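Residue numbers for the sequence shown follow this note's numbering, so the first one is 18 and each next one is one higher.
Since the hints were derived computationally from the structure, they do not count as laboratory data.
One or more hints might be untrue.
Claimed, not checked - Straight-line Cα separation of at most 20 Å, PhoX-like style, residue types lysine-lysine; simulated pairs: (1) LYS29 to LYS162; (2) LYS33 to LYS162; (3) LYS216 to LYS185; (4) LYS162 to LYS185; (5) LYS218 to LYS185; (6) LYS33 to LYS185.
Unchecked claim - Okay, the calculated beta carbon distance ranges per label pair: (7) LEU260 to GLU31: 30 to 36 Å; (8) ALA220 to LEU96: 33 to 39 Å; (9) LYS162 to GLY91: 30 to 36 Å; (10) TYR128 to GLU275: 26 to 32 Å; (11) LYS103 to GLN208: 40 to 46 Å; (12) LYS29 to GLN137: 25 to 31 Å.
Only a predicted model underlies this, so the values are computations on that prediction, with no experimental measurement involved.
The beta-carbon is built from N, C-alpha and C at its ideal position, and this holds for glycine as well.
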Amino acid sequence: MSRLAQRFAHLKAEQKKALVSYVMAGDPTPAVTVPLLHDMVAAGVDILEVGLPFSDPMADGPVIALAAERALAGGTNTLDAIEMVKTFRQKDQDTPVVLMGYLNPVEVIGYEQFVQIASQAGVDGLILVDLPPEEAEEFDAILAKHDMDQVFLLAPTSTDERIAHVVKQARGFIYYVSLKGVTGAATLDTQAAAERIAKIKQATDLPVGVGFGISDATSAQAMGQVADAVIVGSAFVKPFAELSTSEASAKAVEKVKELRAALDQL
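Construct the entire structure; sequences and hints are all you get.
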């Protein structure tokens, strides 16, 4: 059983919801990331989503796009990000880690080599925003050889046929994008998202996580009532554009505690 499956099974047995935190690797400097990952886990994060810095993101809003720019300017590339996961694993062998990024850097490295390096570093899953399931069979076969999960996105616009196709191929969990827009968008229609999540859960036994537009205790609780996991990114990343590194890290940890407390009230 993968680390992701184990973590979701454990949380389900405890009747708890997973808190998934997004951290851009290398933002604003490489030295920040690994200590921040450990601090966020200690504060209550269940699953870590580590962003691979990329110069031309399509799903990320301004907050995360700028974080990628800072990380790239600081010298962090895809292989550096994976090395950070390897360093994190020296002290934490239990917390699932999922990489989130885009296909271009993976193709430059090569599918087989990328997955082998990620697997050896302790990565549990991968979200490639611009790799549709219709074109993912070759890559998925390589991931399966290394016991890594491929997580796919579903959106408010996903048709029944699309949902059926994605749940058939996905492993780990389903990532439901709760709104039509990019990360960090301010408007979240919780009722519409709840209806779509219920529809997805009818089609699969996989856990369903919901992200985009969740930034505080209220939105986390609303989505935690209907989803298995709440995924938060921009609220953790934004402080690094506004504050000193130490202050931003502390604020991100405080946000984890706020969201963890909100989910634990469900």
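Hints, one by one, checked against the model:
| no. | hint | verdict |
| --- | --- | --- |
| 1 | LYS29 to LYS162 | violated (27 Å) |
| 2 | LYS33 to LYS162 | violated (31 Å) |
| 3 | LYS216 to LYS185 | holds (15 Å) |
| 4 | LYS162 to LYS185 | holds (18 Å) |
| 5 | LYS218 to LYS185 | holds (13 Å) |
| 6 | LYS33 to LYS185 | violated (26 Å) |
| 7 | LEU260 to GLU31: 30 to 36 Å | holds (34 Å) |
| 8 | ALA220 to LEU96: 33 to 39 Å | holds (36 Å) |
| 9 | LYS162 to GLY91: 30 to 36 Å | holds (33 Å) |
| 10 | TYR128 to GLU275: 26 to 32 Å | violated (39 Å) |
| 11 | LYS103 to GLN208: 40 to 46 Å | holds (42 Å) |
| 12 | LYS29 to GLN137: 25 to 31 Å | holds (29 Å) |
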